[in-house]
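Undergrad: Spelled out from the first residue to the last, the chains are:
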Amino acid sequence: MNNDSKILIVDDFATMRKVIRNLLKQIGYENIVEAEDGVMALAELRNQKIEFVISDWNMPNMTGLELLREVRADSNLCKTPFLMITAESLKENVVEAVKAGVDNYIVKPFTAEILNEKIGKIVAKYQ
Amino acid sequence: MNSDNVIENINKITSDFLLLDTLSIEIRMAGKFLNSLEEIIALDKDPVLKDLSRVAKGISVMLENMILERLTPGEAYEAFEKGISVMQDMSEDILATGVCRIPADQYLGALSPFIDAPPEDEKRGEGIQETHESEIPSKEEKAEFKIQDESLMKDFITEGLEYIGEIEINILNLEQNPDNKEYINAVFRPFHSIKGVAGFLDLKEIRDLSHDLETLLDRARNNEINVNPDLIDVVLEGADLLKEMIGSLNDVIEGVRSEPAIVNNSELRKKIASFSEEPLKEEKGVKKLGTILVEDGVITTEILEKSLQKRTGTSKKIGETLIEEGRANSKQVLNALRKQSRQIADTNTIRVDVKKLDDFVDMIGELVITHSMIKQNIMLLKSDDRKLMSDISQLSGITSELQRTSTSLRMVPIRQTFQRMARLARDLARNAGKDLEIQMVGEDTEIDRNMVEEIYNPLVHMVRNAVDHGLESSEMRIETGKPARGLLRLKAFHKGGSIIIEISDDGGGLCKEKILGKARDKGLISGEDEFSDQEIYRLLFLPGFSTAEAVTDVSGRGVGMDVVKQTVDTLRGKIEIKSIEGEGTTFTIFFPLTMAIIDGMIVRVGSEKYIIPTTAIRRLLRPSKENYTRVVGKGEMLNVMGDLMPLLRLHDVFEVTPMYRNPWDALVVVVDAGNRSKCVLVDEVLEKGEVVIKSLGGDFKNVKGTSGGAILGDGNVGLIIDPEGLFELGEGQIL
Numbered sequence: 000m001n002n003d004s005k006i007l008i009v010d011d012f013a014t015m016r017k018v019i020r021n022l023l024k025q026i027g028y029e030n031i032v033e034a035e036d037g038v039m040a041l042a043e044l045r046n047q048k049i050e051f052v053i054s055d056w057n058m059p060n061m062t063g064l065e066l067l068r069e070v071r072a073d074s075n076l077c078k079t080p081f082l083m084i085t086a087e088s089l090k091e092n093v094v095e096a097v098k099a100g101v102d103n104y105i106v107k108p109f110t111a112e113i114l115n116e117k118i119g120k121i122v123a124k125y126q
Numbered sequence: 000m001n002s003d004n005v006i007e008n009i010n011k012i013t014s015d016f017l018l019l020d021t022l023s024i025e026i027r028m029a030g031k032f033l034n035s036l037e038e039i040i041a042l043d044k045d046p047v048l049k050d051l052s053r054v055a056k057g058i059s060v061m062l063e064n065m066i067l068e069r070l071t072p073g074e075a076y077e078a079f080e081k082g083i084s085v086m087q088d089m090s091e092d093i094l095a096t097g098v099c100r101i102p103a104d105q106y107l108g109a110l111s112p113f114i115d116a117p118p119e120d121e122k123r124g125e126g127i128q129e130t131h132e133s134e135i136p137s138k139e140e141k142a143e144f145k146i147q148d149e150s151l152m153k154d155f156i157t158e159g160l161e162y163i164g165e166i167e168i169n170i171l172n173l174e175q176n177p178d179n180k181e182y183i184n185a186v187f188r189p190f191h192s193i194k195g196v197a198g199f200l201d202l203k204e205i206r207d208l209s210h211d212l213e214t215l216l217d218r219a220r221n222n223e224i225n226v227n228p229d230l231i232d233v234v235l236e237g238a239d240l241l242k243e244m245i246g247s248l249n250d251v252i253e254g255v256r257s258e259p260a261i262v263n264n265s266e267l268r269k270k271i272a273s274f275s276e277e278p279l280k281e282e283k284g285v286k287k288l289g290t291i292l293v294e295d296g297v298i299t300t301e302i303l304e305k306s307l308q309k310r311t312g313t314s315k316k317i318g319e320t321l322i323e324e325g326r327a328n329s330k331q332v333l334n335a336l337r338k339q340s341r342q343i344a345d346t347n348t349i350r351v352d353v354k355k356l357d358d359f360v361d362m363i364g365e366l367v368i369t370h371s372m373i374k375q376n377i378m379l380l381k382s383d384d385r386k387l388m389s390d391i392s393q394l395s396g397i398t399s400e401l402q403r404t405s406t407s408l409r410m411v412p413i414r415q416t417f418q419r420m421a422r423l424a425r426d427l428a429r430n431a432g433k434d435l436e437i438q439m440v441g442e443d444t445e446i447d448r449n450m451v452e453e454i455y456n457p458l459v460h461m462v463r464n465a466v467d468h469g470l471e472s473s474e475m476r477i478e479t480g481k482p483a484r485g486l487l488r489l490k491a492f493h494k495g496g497s498i499i500i501e502i503s504d505d506g507g508g509l510c511k512e513k514i515l516g517k518a519r520d521k522g523l524i525s526g527e528d529e530f531s532d533q534e535i536y537r538l539l540f541l542p543g544f545s546t547a548e549a550v551t552d553v554s555g556r557g558v559g560m561d562v563v564k565q566t567v568d569t570l571r572g573k574i575e576i577k578s579i580e581g582e583g584t585t586f587t588i589f590f591p592l593t594m595a596i597i598d599g600m601i602v603r604v605g606s607e608k609y610i611i612p613t614t615a616i617r618r619l620l621r622p623s624k625e626n627y628t629r630v631v632g633k634g635e636m637l638n639v640m641g642d643l644m645p646l647l648r649l650h651d652v653f654e655v656t657p658m659y660r661n662p663w664d665a666l667v668v669v670v671d672a673g674n675r676s677k678c679v680l681v682d683e684v685l686e687k688g689e690v691v692i693k694s695l696g697g698d699f700k701n702v703k704g705t706s707g708g709a710i711l712g713d714g715n716v717g718l719i720i721d722p723e724g725l726f727e728l729g730e731g732q733i734l
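Residue numbers (numbering that gives the first Met the number 0), protein chains in the order written: chain G, 0 to 126; chain X, 0 to 734.
Don't read these hints as lab results, they were simulated from the structure. All values derive from a computational prediction rather than experimental measurement. Treat the hints loosely; a few may be bogus.
[What the hints assert, rightly or not] Listed next, with one range per pair, are the computed distances between beta-carbon atoms:
| id | chain 1 | residue 1 | chain 2 | residue 2 | range |
| --- | --- | --- | --- | --- | --- |
| 1 | G | N75 | X | Y455 | 24 to 34 Å |
| 2 | G | K5 | X | S273 | 19 to 29 Å |
| 3 | G | C77 | X | S399 | 51 to 61 Å |
| 4 | X | D15 | G | S74 | 13 to 23 Å |
[Unchecked claim] Stretch-level coverage of chain X by chain G, calculated; a stretch enters the list once three of its residues show a Cβ under 8 Å from a Cβ in chain G:
| id | region |
| --- | --- |
| 5 | 14 to 24 |
| 6 | 152 to 162 |
| 7 | 183 to 191 |
| 8 | 206 to 220 |
[What the hints assert, rightly or not] DSSO-like cross-link-like pairs, simulated, lysine-lysine; straight-line CA separation at most 30 Å:
| id | chain 1 | residue 1 | chain 2 | residue 2 |
| --- | --- | --- | --- | --- |
| 9 | G | K5 | X | K31 |
| 10 | G | K124 | X | K180 |
| 11 | G | K90 | X | K180 |
No residue lacks a Cβ here, since even glycine has one placed at the ideal position from N, Cα and C.
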């Protein structure tokens with residue numbers, strides 16, 4: 000993965016997508032795709048080559064966890080790195096995501112440095 | 000069988016562990032281990048494998064703590080390594096001897112500091128993210144409040160307010176189905192999202208409040224507390240406060256204030272905190288009501304039991320009660336919600352400044368006018384240039400399509416308005432101690448954004464009337480054989496160029512005798528007049544009329560319906576009442592879809608052209624000489640199908656020279672306004688059609704009798720008649 004790699008941001012709150020987009024920009028990632036929920040995210044994932052998924056947990060239609068399970072169950076997508084965003088108060092739920100095969104998680108609110116660190120860790124593992 | 004499986008799992012874990020290339024377990028691998036361990040843990044019922052299962056459970060909890068950053072990867076690695084070897088020893092022993100002689104306790108004892116959940120405050124200090132979380136806001140607190148990213152903040156304000164609006168609808172669904180986790184989640188989610196972004200934007204107050212509300216709902220989701228009206232009230236109150244706080248950010252952006260409003264929310268926070276103490280408070284009150292009823296001898300214990308079940312339902316298990324009472328309804332509610340969320344997923348949207356949109360729509364209006372002027376000029380040239388003609392007609396098609404699209408841009412679903420009404424009705428009913436179900440039909444019906452605010456007030460009055468005066472108390476309802484729970488229905492649909500809004504209740508209906516009696520008392524009508532039903536109902540709209548027996552704090556002060564009528568008239572709407580005594584009342588309001596275009600009759604008087612709004616026109620006729628009379632003190636009158644109506648000469652009012660002075664030579668338009676009808680005399684009716692309303696602007700804005708101007712197809716300007724003002728002008732002349 001490099002700076003041109005396509006990253007998918009999944010969050011139902013548009014402002015949050017923008018926040019994450021801005022943070023990603025700060026650490027050099029500009030090739031970004033957005034999706035409002037799991038259903039749209041899956042469509043994007045099947046539609047184009049996406050190298051990294053950053054997804055919120057709590058979304059209508061399909062939660063981040065459900066999306067993760069779909070991704071891991073799809074033979075074409077199962078190797079896509081997946082970073083889950085969660086809130087401090089719901090952190091305990093993260094274990095479920097870990098069992099479902101999430102690569103890492105990040106707690107809101109976070110800084111660009113932490114995001115960079117998390118992405119770096121995941122990417123290093125895949126190489 | 001079991002032990003084979005165990006060994007397979009242990010081997011899997013061991014080989015994965017040996018392949019780790021660092022001295023730490025990263026999260027993806029931890030997940031894999033957890034899944035394998037789970038299968039071993041599941042065997043705790045097997046007496047032989049019991050201890051092995053306990054060790055697996057211990058390792059699993061330790062891994063979870065590592066994932067949650069309660070212990071370092073190094074510590075976890077070491078403990079895990081030991082754990083694997085214990086499990087291997089145990090499984091080998093079992094395989095060899097059939098029993099497990101290695102005790103689990105020794106290893107678990109060594110593991111205990113990594114398993115026991117650390118106390119709350121200790122947890123706080125650990126973990127990289129958490130330190131960041133608590134550091135960022137405190138750093139900002141000292142510094143002056145500064146908006147770092149204005150565009151982000153603007154997005155947050157718009158989207159945040161939208162999300163709070165969503166809470167209002169979903170909470171109504173939740174109140175009716177308190178056990179439905181989907182609904183709780185739908186209310187939970189917006190607070191959660193707002194909290195998330197507020198954290199990034201350093202909006203501490205907003206973050207804290209939404210955090211509290213989110214936690215409260217999370218507890219309801221986990222069945223720790225009940226979803227009862229108290230909880231709903233607190234959530235709504237919280238939503239209101241958040242709305243205020245987020246709204247005030249706008250002022251910060253515009254420089255009106257230096258920092259966001261700090262809304263006093265200590266009361267609310269107290270209420271939120273109190274939920275753990277008295278989760279079932281509401282139920283006590285409910286029981287009291289039933290007891291009183293029996294004491295008063297209003298109902299028997301048998302009926303009490305029935306209604307009690309229903310009442311308990313409202314605070315606890317209304318979902319079930321609802322399904323028992325009327326299955327279709329709960330289905331409708333659920334379907335509406337699904338439809339809504341599907342829409343959210345399906346539409347791609349962008350946000351545009353309303354000002355830009357308004358300008359855009361205005362310019363298209365101009366374009367349409369200019370186009371029709373050019374078209375008419377070319378027609379006048381009597382050119383036989385076929386190419387030009389076909390081009391022009393193509394351009395006509397494009398411009399009218401453009402106009403249609405541009406008006407649709409400003410259209411928004413009426414949902415939000417309905418939600419507000421539903422919420423209002425709900426609050427009113429609770430205050431009045433009435434039990435109320437609110438149904439909404441056609442919330443997707445679209446209306447011009449600019450109309451939304453205009454129709455708000457009349458709707459509020461109607462809803463207040465329905466809840467306060469229309470609906471009876473539960474006791475009275477039961478007495479008259481109706482279900483204890485009243486029904487208020489809000490319905491919207493399109494018909495022609497209008498949006499029709501119906502507000503109906505299944506309450507007591509309008510009592511004609513009471514209305515007539517009141518009107519006589521107030522001297523609004525004389526004793527011997529005969530009235531049709533519609534005429535009686537229309538008396539309600541007279542200023543100073545109110546039939547309410549008791550004055551409540553929200554309606555029934557003698558203002559209300561006349562205000563409704565006035566506003567509806569100003570908006571060029573129409574209002575109709577249908578009512579059956581004892582069964583309920585339906586108010587139907589017709590509003591034009593947009594205020595930018597008016598549907599009118601273009602009439603001519605002398606050389607001038609005027610537009611009369613179609614909604615005000617009752618009929619067109621050419622009177623005969625016999626129908627014309629003069630009545631002393633009242634001026635000229637016309638007999639229109641048995642009704643004597645005043646004649647109003649448009650040419651006199653606007654001082655133009657008409658073509659005809661005798662009514663029997665000219666045409667008469669019967670116009671309704673403010674409960675009166677008059678015959679307006681014009682020379683000719685030219686056509687009926689839509690015109691784009693132009694403000695006369697500046698000094699001419701408040702000229703009586705006109706509400707604006709329109710550029711007509713021939714390029715001339717026509718004045719749009721305001722019927723009410725016109726009548727007043729005419730009356731001034733008689734005096």
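Undergrad: CA of K90 of chain G to CA of K180 of chain X, is that 30 Å or under?
TA: 20 Å, holds
Undergrad: At a Cβ distance under 8 Å, does chain G reach at least three residues of the region 152 to 162 of chain X?
TA: As far as the region 152 to 162 of chain X goes, the hint holds, because 5 residues have Cβ atoms under 8 Å from chain G.
Undergrad: Given that the region 183 to 191 of chain X was listed as covered by chain G, double-check it with a C-beta distance under 8 Å for 3 or more residues.
TA: Contact hint for the region 183 to 191 of chain X vs chain G: holds, 5 residues under 8 Å.
Undergrad: For K5 of chain G and S273 of chain X, compare the CB-CB distance with the range 19 to 29 Å and indicate the outcome.
TA: Because 50 Å falls outside the window, the suggested range is violated.
Undergrad: Would the pair K5 of chain G and K31 of chain X pass a check requiring their Cα atoms to be no farther apart than 30 Å?
TA: Holds, at about 27 Å.
Undergrad: Holds or violated: the region 14 to 24 of chain X covered by chain G, criterion of 3 or more residues with Cβ-Cβ distance under 8 Å?
TA: With 0 residues closer than 8 Å to chain G, the region 14 to 24 of chain X misses the three-residue bar; violated.
Undergrad: With a cut-off of 30 Å on the C-alpha distance, tell me whether K124 of chain G and K180 of chain X pass.
TA: Distance ~38 Å between K124 of chain G and K180 of chain X Cα, so the pair is violated.
Undergrad: Does 51 to 61 Å hold as the CB distance between C77 of chain G and S399 of chain X, or does it fail?
TA: 53 Å, holds
Undergrad: Does the hinted range 13 to 23 Å hold for D15 of chain X and S74 of chain G at CB?
TA: 21 Å, holds
Undergrad: Quick one: are N75 of chain G and Y455 of chain X within 24 to 34 Å, going by C-beta?
TA: The hinted range 24 to 34 Å is violated for N75 of chain G and Y455 of chain X, with Cβ atoms some 51 Å apart.
Undergrad: At a Cβ distance under 8 Å, does chain G reach at least three residues of the region 206 to 220 of chain X?
TA: holds (count 4)
When held up to the earlier numbered hints, the structure conflicts with 1, 2, 5, 10 and fits the remainder.
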